[in-house]
Amino acid sequence: MKKIKKMPYLWFILPGLILYIVFMMAPMLTSFYLSLFSWNGIGSMKFISFDNYIKLFTESRSFDMFTNALGNNIKYVLCMLIIIMPIQLLLAYAFHMKIKGYRTLQLLVFLPFVFSTVIVGFFVMELFNPNFGIINTVLKNLNLEQLITSWLGDRNKAFPIFVAVAGWQGLGVGMMLFLSNMKSIPMDIMEASEIDGAGAFSKFFSVVIPCIIPSIINVLVLDVIWGLTVFDLPYVIVGPNGGVNGSLDFMNLFFYRNAFGTGYSGEAQVGFASAIGTVLFVVILAISIFQTNFLNKIDLES
Amino acid sequence: MNRKRSKGWNFVSFILLIYVVIVLFLLLSTVFASFKTKSQLAESIVGIPNNPTLNNYIQILFVDGFLKYMLNSVILTCISVAAVLMVSSMTAYGLARYRFKGRYFLQMFFLLGLMFPIQLGILPNFLLLNKLGLVNTFAGMVLLYSANISFPFFIFFKAFQKLPASLEEAARIDGANEFSIYFRVMLPIARPVFITVGLITFVNLWNDFYLPLVFLSKDNVKTMTLAIQKYLANFLKNWDLVFPAVVLGVLPLIIIFIFGADKIVEGLTAGSTKE
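Chains P and L, in that order, are what the protein sequence lines are. Last residue of the first sequence: number 659 in this note's numbering, and the count goes up by one each step with no gaps. Last residue of the second sequence: number 489 in this note's numbering, and the count goes up by one each step with no gaps.
Extracted from the complex, chain P is given alone in its bound form:
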């Protein structure tokens, strides 16, 4: 007891540490353990070793679902990085350059941050519902009925719409991170390049971007993780089955279906779901390690 009294920091750290280990870290390991069993959650558990993984990768039905879902996740991440992130960078730069009305515009671009994904899903319904939605109603009133489609029900349109909506929701946060990093660029660097005759755009590429590499890395890492684990928005918009033909199916939806069972796909398969979860965990881990090495190199070089 005497030794503990001499370590006051222990009392500060212990509660958080216990909670963190019990509810965040241990579950990751337990998840892997569960994946070695066949279990529907209520009955008995049957040890089947790696059979769940074999089923995931060889049985055509599950493997197709798996590749479709993972493919969607990867497509989504790439869209976020290639389409949305540049927009966030440009917007941040525009605000940094103090365009007209930037104070109000900044806040309003950030506003969607306070919208729950349920609210965002609602806006999607409000706009895109084929029968009552605003878009189709307006098109009808403008006599442009030939443009009316089922939007989210259309296999080809669903994904782009989803990316646009998710981008809309996430635009503000990334932009704010970039903007704050831009603000910390020392004034003399900016002025020096102006003196050298650099216009706004070349300043952007040769001065601003290299200086905000830390926040770019930050946003990149967050986008990858969020992209690989997206769940709320597709669930709210199209339900746990991932929409028409799995056009909006993602790894976490696939996991959820199997973990808790929905009427459509039958009873819960805890072991199988845990296998999916573990695979996703490994994917995230691999990408994170790769990212850390790759991005550290860039950070050092800049």
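Hints listed in this document are in silico derivations from the structure and should not be mistaken for laboratory results. What you were told as hints is all true, and nothing was included just to trick you.
DSS-like, lysine-lysine: derived pairs with alpha carbons at most 27 Å apart: (1) P:Lys514 x L:Lys451; (2) L:Lys451 x L:Lys432; (3) P:Lys457 x L:Lys477; (4) L:Lys477 x P:Lys540; (5) L:Lys376 x P:Lys540.
Put chain L on the given structure of chain P with help from the hints.
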């Protein structure tokens, strides 16, 4: 820096204006629609209502129990935010202000959580809480939220690192015990950080959907996000009731946003600049 008046920037302002108009249009449409009856909505989903009626609000609040769901959200979120602030600040304080072996390891350990979202461990958590009889309870939810402290921890950690050691030493000389130092000296100075982290956590937890979806299936404990989603899922049947639900769900946060937006931004951007 001169304000750029070139065509290029004005064009960007213009595009942003359109973007903002869309957001405001969506919000306003929703508000207007919440005052319309089903038949009025069928006529036109947009536009100012002719005979605004409070029926929808009365229906969801008192008949359907939306008031209960909102209260659940308020109670759960407030308790959870308090818990998160307490746990994460204490942990960050312990790691930031004391030197001991294994300190760096623990710091990295807590930051790992930033990389691994909570969904991956949801099944074991469910099984554990089930065994403890804490499914469908607020207590269970608070425990889960209090464990997910990587981000608040990170913010507090950076903040506490910056506090001057002289204050601590002065307090020690005066004979204060460690917890007193924490509570009476360091906390008051770090108040802005608490406000910021509190606001961000509040928004995140109020809007949380996944955890309530998994752990709060009994009707009397459901939160507002679940209630809205239920209306959405039954869109065709209840679509006139979705609008007031959304308005009520979004209103508290918009109010918080109007008063606290800059603090929220401050907190979110704390990690990305090299200090």
